[in-house]
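Peer 1: Which chain is which? The protein sequence lines are B and U, in order.
Note that numbering that gives the first Met the number 0 gives residue 178 to position 179 of the first sequence, counting from 1, and the numbers run on in steps of one.
Note that numbering that gives the first Met the number 0 gives residue 119 to position 120 of the second sequence, counting from 1, and the numbers run on in steps of one.
Be aware that one or more of the hints could be misleading.
If chains are identical, the list can't say which one is meant, so a pair holds when it fits in one copy or spans any two.
With a cut-off of at most 30 Å between alpha-carbon atoms, the simulated DSSO-like pairs for lysine-lysine come out as follows [claimed, not checked]: (1) K204 <-> K7; (2) K44 <-> K178; (3) K265 <-> K107; (4) K107 <-> K35; (5) K107 <-> K36.
Calculated from the structure, these hints are not laboratory results.
Fair warning: this is a prediction, and the values are worked out from it, not measured in the lab.
There are 2 protein chains.
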Amino acid sequence: MFEPSTLKDIAKALGLSTSTVSRALRDTHEISAETKKIVLEYAEKINYRPNPIALSLKERRSKSIGVLVSEVANHYFSQAINGIESIAYDRGYHVIITQTHESYEREKINIQHLASRSVDGLLVSLSAETSDTTHLKNLHQRGLPIVFFDRVAADIDTHKIVANNEKGAFEATEFLINKGYKRIAHLTSTSHLSISIERLLGYKKALQQHHLPVCEDYIKHCAHGGMFLDEVESAINSLMNLPEKPDAIFVAGDRLSVGCLMVLKKLNIKVPDDIGIAGFSNSDVLDLLNPPLTAVHQPAYEIGQIATEMLINLIESKYPVYEFENKVLDTSLSIRS
Amino acid sequence: MFEPSTLKDIAKALGLSTSTVSRALRDTHEISAETKKIVLEYAEKINYRPNPIALSLKERRSKSIGVLVSEVANHYFSQAINGIESIAYDRGYHVIITQTHESYEREKINIQHLASRSVDGLLVSLSAETSDTTHLKNLHQRGLPIVFFDRVAADIDTHKIVANNEKGAFEATEFLINKGYKRIAHLTSTSHLSISIERLLGYKKALQQHHLPVCEDYIKHCAHGGMFLDEVESAINSLMNLPEKPDAIFVAGDRLSVGCLMVLKKLNIKVPDDIGIAGFSNSDVLDLLNPPLTAVHQPAYEIGQIATEMLINLIESKYPVYEFENKVLDTSLSIRS
DNA sequence: TTATTTTATGCAATCGTTGCCGAAACGTTA
DNA sequence: TAACGTTTCGGCAACGATTGCATAAAATAA
């Protein structure tokens, strides 16, 4: 069977004790240069690698961080993950990625598993279903470093790093207004998510600033953030069945934006003639889309990087940290019409 | 600090030994019903969970499987990962995802890390740069179960599960031929990858069967599978600078197909008037693309599922397995013109 | 009452590694 | 020469959970 070599193997082969071998490899001053040389050479020869599991057990840390996102098949998250990995890799940490598929149950299970696997910290973006964050609060109170990104928990005091959702939503809505649309609907994820709240706020502010009414019937939530096309379709259908149909939609999410375009195509509603669309999306193929999509782009890679920097700093901090940052990065609007 | 409860805590609290507690929790016959009840209730109360790290160290298995893919930001792989997770979850395994970004070095490092982290098995799709598979061969020979999917290693004898790349490529090429294109180029990944070899074969067979010449100048390889737009652009440029320009391209990869469309748009080459395109892609937005893309779709989710089934069966097999399967799943061609 | 079985529990080793203590063996100093 | 400090190394314990073996008490049989 598959048996990696251990300290004991080296010790036995060289007639030393395991502690001596361990110290020789860690280059302690109390081992003679000669012994060190012998040990190092033999270790090299048999390609010895310390067992990280044994180390985790002993040191109570694993040099790994857990990541919780809703879906890797989402451009925002896959870009964020690349940012996370770039930093983690540099600083000697490994990354364990888990997906919630927007399910609260999956989120609890994954968090529980990551915690018991001795990850040294967590990077979390909440699932669409999550409104209760007790499972994270417990871990955080017991001292596990957590950094939120994208979908943050309002009631947990720690580092948070997000895009300027309100401003991005404002700009996208204003773009539609400037294009001459008057009845702008808003398609978004569950109402309790931080990103939903902020984007809704930006949407409303833009309407108000341009003296357009805010109509609650125009605001549609999708319980799974557009993961299923059904929910997008029924949301759009209910918008289109209103006595006064909207003439544009501001869409607040990556999956939702794509889903929205697909549904409109299916319903044979022309963009931008029948209806105007603008939305959040980090897709790499936006330039190839037909109908075109004016999109709010988030600095996902950078958000992942900064979140990871912050998390590793928390993990490696010698003293407990009580001052937390709330970092907001600007979005950019790519106009396609 | 963050301190989960242990067997020792329970033992101390109840005035028992750790072994009694352990046996009570595992419901051994040699513990009295009364003691069991007390222990179980207390364990429940303090929310005891066995430390998986300690278990890994002792049992030499971790109930987790490692996955190696080139990029999660690739529709094929993100779908495959969802398939992998669906099965792994059902059978009580956890999934650790790592990305190579098509780099051989990253592949070696990730594999090494997964192995030393005591994953019980590996699901591997090779990076574009990988031509030497010694790092995997060593692990496999030492008994670590490995199942390949998508990009498989010819010289390692184990389960392999792939799409019918040759047939898919044949159909896509034939589609272009039937559309009336005569000079069909082929844009693909590195030449040593199994998928490249098989797709090239299908491409050539289609040409031959329709009495079209196979021109080596028309076959372009991208060293990083289209991960960088530069390589796609230079490949297309060199195709377009040929004395006899191709009038169509069959593209053999997800990233490559998208990249190809982007470059053509940038160069203002019209599809399908100036040039015809067909390619492999599992993107979910193909119906929204302009220019449209006729695409070979692979059953990625199913491939992930089957590979995981096979791997877990290998892991849990009581006896060494010497008979390996080579499973091939059919692709489907979605015509968009 | 004594011998034997059954039942319930504890001890100690194990997995691989490192921290701590102590023990030689040597050199230095009073 | 005795006392002390250094250098270099080995042994033990610990991290958390499991398990074979030992052992104790209780129950049963002779």
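Peer 1: Next step is simple, just say for each hint if it's right about the structure.
Peer 2: Here is what the structure says about each hint:
1. Proximity of K204 and K7 under a CA criterion of 30 Å is satisfied in neither setting, with 68 Å inside one chain copy and 57 Å between copies.
2. Taking the shortest alpha-carbon separations for K44 and K178, neither the intra-copy value of 70 Å nor the inter-copy value of 60 Å comes in at or below 30 Å.
3. For the homomeric pair K265 and K107, neither the shortest alpha-carbon distance inside one copy (36 Å) nor that between copies (45 Å) is at most 30 Å.
4. In this assembly of identical chains, the alpha carbons of K107 and K35 lie at most 30 Å apart only when taken from different copies (28 Å versus 47 Å within one copy).
5. Proximity of K107 and K36 under a CA criterion of 30 Å is satisfied inter-copy only: 27 Å between copies versus 49 Å inside one chain copy.
Against the hints set out earlier in the document, violations occur for numbers 1, 2 and 3.
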